[in-house]
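Chains as they are written, first to last, in the numbering used here: chain A, 8 to 179; chain B, 8 to 388.
Bear in mind the hints are in silico, worked out from the structure with no lab data behind them. Cβ atoms here follow ideal geometry from the backbone N, Cα and C, with glycine treated the same way. Be careful, since some hints might not be right.
Simulated crosslink set (DSSO-like; lysine-lysine; CA at most 30 Å straight-line) [unchecked claim]:
id : chain 1 : residue 1 : chain 2 : residue 2
1  : A       : K61       : A       : K51
2  : B       : K46       : B       : K388
3  : A       : K66       : A       : K51
4  : B       : K74       : A       : K66
5  : B       : K46       : A       : K160
6  : A       : K51       : A       : K102
7  : A       : K111      : A       : K66
8  : A       : K139      : B       : K46
9  : A       : K66       : A       : K139
10 : A       : K143      : B       : K46
11 : A       : K111      : A       : K143
12 : A       : K111      : A       : K179
Pairwise CB distance ranges, derived in the manner of DEER restraints [claimed, not checked]:
id : chain 1 : residue 1 : chain 2 : residue 2 : range
13 : A       : Q65       : B       : T332      : 45 to 53 Å
14 : A       : E128      : B       : E215      : 26 to 34 Å
15 : B       : P256      : A       : P127      : 36 to 44 Å
16 : A       : K61       : B       : I333      : 52 to 60 Å
17 : A       : A105      : B       : G321      : 27 to 35 Å
18 : A       : T43       : B       : N379      : 30 to 38 Å
19 : B       : A291      : A       : G96       : 49 to 57 Å
Which chain A residues stay away from chain B? Per the calculated CB distances, all over 10 Å, these [stated by the list, open to error]:
id : residue
20 : S83
21 : P127
22 : R167
Given next are the chains, with one letter for each unit.
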Amino acid sequence: MRFFGSLRLQAAFLAALGIPFCAHPAQDQAEPPAITVRGDLAAKLVLSADDLAKMPHQKASVTEQDETPVEYEGVSLREILARAGAPVGKELRGKALASYILVKARDGYQVVFTLAELAPEFANETILVADKRDGKPLFGYQGPFRLVCPNDKAGARSVRMLQEIDFVRLQK
Amino acid sequence: MRRAAFAAISVPAFMAALSSLAAGPADSGETPYAWNLPKGFPQPYVPAGNPMTESKVELGRHLFYDKRLSVNGTQSCATCHRQELAFTDGRAVSLGATGQPHSRSAMSLVNVAYSGALTWSNPRMNRLEEQAAVPMFGEHPVELGLKKDDGWLASLRPDPTYQALFRRAYPEQENAVTRDNVLKAIACFERGIISARSPYDRYHYGGEDGAVSGAAKRGEILFFSQPLSCFRCHGGFNFSDATTSARDPGREIPFHNTGLYNVSGAFSYPIPNLGIYEYTKRAADVGKFKAPSLRNIALTAPYMHDGSIPSLEGVLDHYAVGGRTIPAGEYAGVGHDNPNKDPLIGGFRLSPQDRQDLIAFLECLTDRAVLNDPKFSDPWK
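Next comes chain B alone, as it looks inside the complex (with noise of 0.2 Å):
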């Protein structure tokens, strides 16, 4: 029943706004977002000086998918975060516009407005405008390698398309495409991306009893249990303990050293991915990074913040003795006696039985909606 309503909800909302792009005169800007948020999701936090519009999502939508906004016009920020994928990329770590590799995994942005911590492992970094920067700028690794002169903004002006975008998203302003303005949209777009309607949510929020597997009900239990103890750090409705609302926006996250890694030297982890020391400078912080969410976690391998797991199997083989044991070579070492190990990751013993279940209840949080949404689809194709 939700579900119906959600969809006549949003898709008259969607087709109003695709209508007015079309041919309508410009609205105010102003058009409040509707979020359609399910039972269960709090309101997000929206930062005061970046208000969700309908306006501002459908133009960031199209700067999301847009090649012109890499240097040499190969990438886009979807060739890292392909919705098929929710968002990510399939690959260990990303490779830049100009084949650099990053050192870390493309992360989800599906409910990613509800992200207290937007990246791995840096705890300042917790507003969108500001992380879209990076990719865009950053130049180690370089990503989408733009120059920071702003000269690409001249390839966007002539586009009629952005220029009715612009001039709906920000209608007070004569000169709207401005690198502030493009930030601002596609922090929209990304904030708007809101998974809930997995078949776990409607089993457990929907009450409809036949929407789960029984593996995936035991999974749960599982999942939940003081043995296995996933949900210390996967809890919630993001299954993920770095999530925050309009209620508590300026929440501190935590972040955890999961006994990835035990590598012998000056650090226990492989340089250059440290976690949070590497902004804290704290020795008790190698190797701490942020649980993200679960939901549609079948979707995103490789696993972890370098993708060095493949499989959901291999992430359980993890967790179950309590730390990866990496036999020989380079990284060589027991993650099981890290010395900065959180002390929820104990181990646990998992029948093949068990193992089944809760692989069933980690697919059950797909959420195929939000794979195939248009509201989140290219818009140039």
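Chain A extracted, bound-state conformation (with noise of 0.2 Å):
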């Protein structure tokens, strides 16, 4: 680190190297903790750590590394992106079939989801936004809130420290 001078010139090399500069996951915790949907919709949508716990949950079960199953509680994607006033039901066809959700975390690591995959009509996949985890609240590095996907084999798409959901529309 000796060679570096200034804060920028640091950014400058490290960019350079290709090495990430920024997220501190660790430090953002002191805000309040709260999910934010954002993109191309009318308005902006803030769910709090509350607001989350008083929508309708359901119940996941995936089966852990030690084989035991562990149970996840949470609110249905497809809810919160419905309640955001993203395309929904016989909203989602024609151009709204091209549109889809970055999931941020807090580290910086995204996701893509596309609405058909999580509508009904469609592939009708259940994914969760997970506040609890067998009945306590997530923390930690999966917490306060993750994704579930309990029909993925990989646990890659189930984002970890879940802060942000940006809704893009391809066509308009």
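Grab the two chains, each in its own frame, and use the hints to assemble them into the complex.
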């Protein structure tokens, strides 16, 4: 690190090496936890932990490495998108099918989902925004919110430390 | 609560094993081993030809700590695998009974039952029964230096302790003091060394919020974050992607070149430590080594396959710059540019606070119980 003079130079040098320069996921915890849904919507939706707790919850059982089942509880991602005003039901056709959501974590991790994956008329995937695991609030690197994709074989889409959902319409 | 339950189960089991050894009649040798695995830990794989029994584990413990298992009576398995150092030896590279240095650093035996690759760079070595023979009989380098004629077994046969232990461990066999049975018993003992009682386990699996510091909690989040991605190679309950269990014993184990070296010449890593290239002979495999478990990592310095980084701070420096630069000398080179480097080793920026937090997290993986558990201690003392 002795090579580096100013912060700007550090950033330039690290960027040249392809070294991530931002993302301090631990420090952001000072703000009250919330999920923001934004993008090509009439208005952004901010859900606090309390807001989420008041929404209808579902349960999903996932098998852990030790083969014991773990039960997550959370709100359907579909439900959150509907509340934010994203196209659902009969609205999800034509140009609306060229829409996606970008699920972002506090550490910069991102995963894309299409609306049709979640819609009951199409792939009908039940994906939860979980706030509890085995009846207890999610904590540490898992929480306070995470996606749970119970039908996935790998865990990489089950975004931990979920913070933001960006809705993008590719055709308007 | 779980810690107390663990002690309540394991201590009587241990006492029962001791009392049967001291005075009781020979047991059947088939008393199933009590793993007492906590939440989060899967059932380890055990080869069908060597089931775990309390008697074999106890025999294995005596053999593991017995200096008669070296050519000149100076070393035992425990010389390079010391309990107080999480079964490592604190040296950059180990020294054999005749003083010959090994080319690599002694690996920890903690949770070795879950290891799908037992050495730093041999993808084919995945059975403890087979691996134990390497330090015992190997000649390149000489470690324990035992002769392959099995003359060393003669020193064990008259010992009344061993007569009782072998009889209990292998009750069906007339002449149980054999090389094969020694290897099986040592493997059983090693498989039983499970570490699951660190502060991190109490916090993460036990939900005991006060078990770790705030710094360790912040460090955990950094460890599992995308910019650092430590968890990509050191993830799961055992903090290693070389982990297997009874569910997937044959899983292919990944090996990684982390940009530790980039020397000039035919190979980018210093001979003889060329990684799995030594076995595959593929140029792309030069410098690829196992990602070891990080459990008890604060106790196992110096680090890396050749012990070439003395401290955890140094390890963070290496990964933060995306591969170590050695400015001058025999091993000069920019590890960041090693052609075989794993793309995950891209580097990251750490503030001084981040650095302290990560170290605090790594330190909370230390399981003091495994370092002091009499089940794993020297029975000859």
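- Query: Taking 30 Å as the top limit, are the C-alpha atoms of A:K111 and A:K66 close enough?
  - Reply: Holds, at about 22 Å.
Given the hint of 36 to 44 Å, check if B:P256 and A:P127 actually sit that far apart at their C-beta atoms.
41 Å, holds
Check: Per the hint of 27 to 35 Å, is the separation of the Cβ atoms of A:A105 and B:G321 within bounds?
Finding: 50 Å, violated
Proposed proximity, A:K143 with A:K111 (alpha carbon, max 30 Å): Cα-Cα ~23 Å, so holds.
Checking the smallest CB distance to chain B, is A:P127 really beyond 10 Å?
32 Å, holds
message = Taking the Cβ atom of A:E128 and the Cβ atom of B:E215, is their distance within the range 26 to 34 Å?
response = For B:E215 against A:E128, whose Cβ atoms are near 46 Å apart, the range 26 to 34 Å is violated.
Hinted pair, alpha-carbon criterion (30 Å max): A:K66, A:K51. Please report holds or violated. Within the cut-off at roughly 27 Å; holds.
Notebook entry, point to check: Is the straight-line distance between the alpha-carbon of A:K51 and that of A:K102 30 Å or less?
Noted result: 21 Å, holds
Exercise for review: Starting from A:K139, check that the Cα of B:K46 is at most 30 Å away, please.
Suggested key: Measuring from Cα to Cα gives roughly 18 Å; hence the hint holds.
field: Status of the given 52 to 60 Å range, CB of B:I333 versus CB of A:K61
entry: Between A:K61 and B:I333, where Cβ atoms are some 58 Å apart, the hint holds.
30 Å limit on alpha-carbon distance, applied to hinted pair B:K74 and A:K66 = Violated, because 57 Å separates the two Cα atoms, which is more than 30 Å.
May I ask you to test the hint 30 to 38 Å on the CB atoms belonging to A:T43 and B:N379? 49 Å, violated
The structure fails to meet hints 2, 4, 14, 17, 18 and 22 from the earlier list, while all remaining hints are met.
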